[in-house]
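**Q** Sequence:
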Amino acid sequence: MNKREFLKSAGLGMAALALAPAMWSGCTSPNKGKNWIWITPKEGLSTDQWKTMLEKAKQHGFDAVLPEVYTGHHAWFETSRLPMREPLLEKLIDAGRETGVEIHAWMHTMPNNIPEYYENHPGWYAVNRAGESAATHPAYVPYYRFMCSRHPEVQEFTRQIVADLASFEGLAGVHLDYIRLPDAILAQGLWSKYNIVQDKEYPQYDYCYCNRCRSDFKEQTGLDPLTGLEDPATHQAWRQFRYDTITHLVNDILAPEARKAGKAITAAVFPNWESVRQEWRNWNLDGYLPMLYHNFYNAGIPWIGEQLTREISELKIKKPVYSGLFVPSVKPEEMAEAFRISREGGASGISLFNYHSLTEEHWKALKAIHEG
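Add 44 to a position in the sequence shown, counting from 1, and you land on the number used in the working numbering.
The hints are simulated quantities; they were obtained by calculation from the structure and are not laboratory data. It should be emphasised that the depicted structure is a prediction, and the values quoted were computed from it without experimental measurement. The beta carbon of each residue, even a glycine, is placed where N, CA and C say it ideally should be. Any given hint might turn out to be false.
[Said to hold, decoys possible] Keeping only pairs whose Cα atoms sit at most 30 Å apart, straight-line, the calculated DSSO-like set for lysine-lysine is: (1) Lys-262 x Lys-362; (2) Lys-102 x Lys-363; (3) Lys-102 x Lys-304; (4) Lys-135 x Lys-95; (5) Lys-95 x Lys-408; (6) Lys-86 x Lys-102; (7) Lys-304 x Lys-363; (8) Lys-408 x Lys-100; (9) Lys-411 x Lys-100; (10) Lys-86 x Lys-411.
[What the hints assert, rightly or not] Label pairs and their calculated CB-CB ranges: (11) Val-241 x Thr-278: 14 to 20 Å; (12) Thr-96 x His-181: 39 to 45 Å; (13) Lys-100 x Ile-297: 35 to 41 Å.
All chains should be modelled from the sequences, with the hints used to inform the complete structure.
**A** Written out as structure tokens, the structure is:
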């Protein structure tokens, strides 16, 4: 779930595993491997300070940095469409140019926590099976104000953000996060945080039943998903309708917008994609960064490789998959093993969440892997 606030609350990793041989030194060719790292913003840093951070990442084997430049609350780049905190992206592009590190702009896609929108455009927001709008009754946490990607206005809003980002000269790509609906079922390792048991899809977490989704599905099938299905949660056509809605936004609206400006487009995606209506095996992107946070699923590090093997085999368009690791779940002495298992599972590289979570011991482990 939320990489800055929500995910960090999960428990730490499993028992230590033996160190493995090194692999993947930094290389900008996807065929030879590319390593990425997400980074959350810090205010007031100069271009030189960012350059120092990027140089450190480069020296430890990272080729691409994913700065969080739109949080669903505000932007970290110059734009007339969103409230801006600071023009961070411009500094990072300059720093990336000087250090040889690719900069891919990380944006929250479907959550919109800007009062101008949830107060004045409540019809843009997803509605759960209990009839509650995410604008006023977000699931789990207050920032889960997810919009519904079925709405033309929402499609245009997200397209404009991608277009604004893609217009930055020197930016390597746009990275989509939260390109989905709220979790109908959380990863089991997170249930205790909210004191819930989700043995099925309960109405308050099952989205989207807004008027547009209901009317469009009824036009296609003759059935109202809210009143015309015996069990909406398990009805396959209704599930596929929602998967296809997100896929349409990605393949037909956002990806073409980025590529029109010559930018790569990637996404952070879930291994349990059904629960967030995110059928990313059908997406046409330049790379996929599945968040393989093993402890969220009450699993050990070997699970990462198992997921990669399955996910890569299911891709309709074969593009690089980068193994997303949650730093607090991977002890420094486990880092080489996580890299090895990811490589053996078919990953084209690693992506770590996040830069600020790395301890000095983690950096040492990464240096040893890089220098091999």
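**Q** It remains to establish, for every hint, whether it holds in the given structure.
**A** A quick look at each hint next to the structure:
Restraint check: the Cα-Cα separation between Lys-262 and Lys-362 comes to about 34 Å, which exceeds 30 Å; the hinted pair is violated. At most 30 Å may separate the alpha-carbon atoms for a hinted pair to count; Lys-102 and Lys-363 meet this at roughly 23 Å. Of the supplied pair hints, the one linking Lys-102 and Lys-304 holds, its CA atoms being roughly 29 Å apart against a limit of 30 Å. Distance hint between Lys-135 and Lys-95 is fulfilled; the C-alpha atoms sit about 9 Å from each other, no more than 30 Å.
Proximity of Lys-95 to Lys-408 is assessed by CA-CA distance (about 20 Å); at most 30 Å being required, the pair is judged to hold. A distance of roughly 19 Å separates the Cα atoms of Lys-86 and Lys-102; the hinted pair therefore holds under the 30 Å criterion. Simply put, Lys-304 and Lys-363 have alpha-carbon atoms about 19 Å apart, close enough for the 30 Å limit, and the pair holds. About 12 Å separates the Cα atoms of Lys-408 and Lys-100, which keeps this hinted pair within 30 Å; it holds.
For the hint pairing Lys-411 with Lys-100, the CA-to-CA distance comes to about 10 Å; that is within 30 Å, so the pair holds. Of the pairs offered as hints, the one joining Lys-86 and Lys-411 holds, with about 24 Å between alpha carbons and a cut-off of 30 Å not exceeded. Here the CB-CB span from Val-241 to Thr-278 is close to 18 Å, well matched to the stated 14 to 20 Å. For the pair Thr-96 and His-181, the supplied restraint of 39 to 45 Å holds, since their beta-carbon distance comes to about 44 Å.
A hinted range of 35 to 41 Å holds for the C-beta pair Lys-100 and Ile-297, which are about 36 Å apart.
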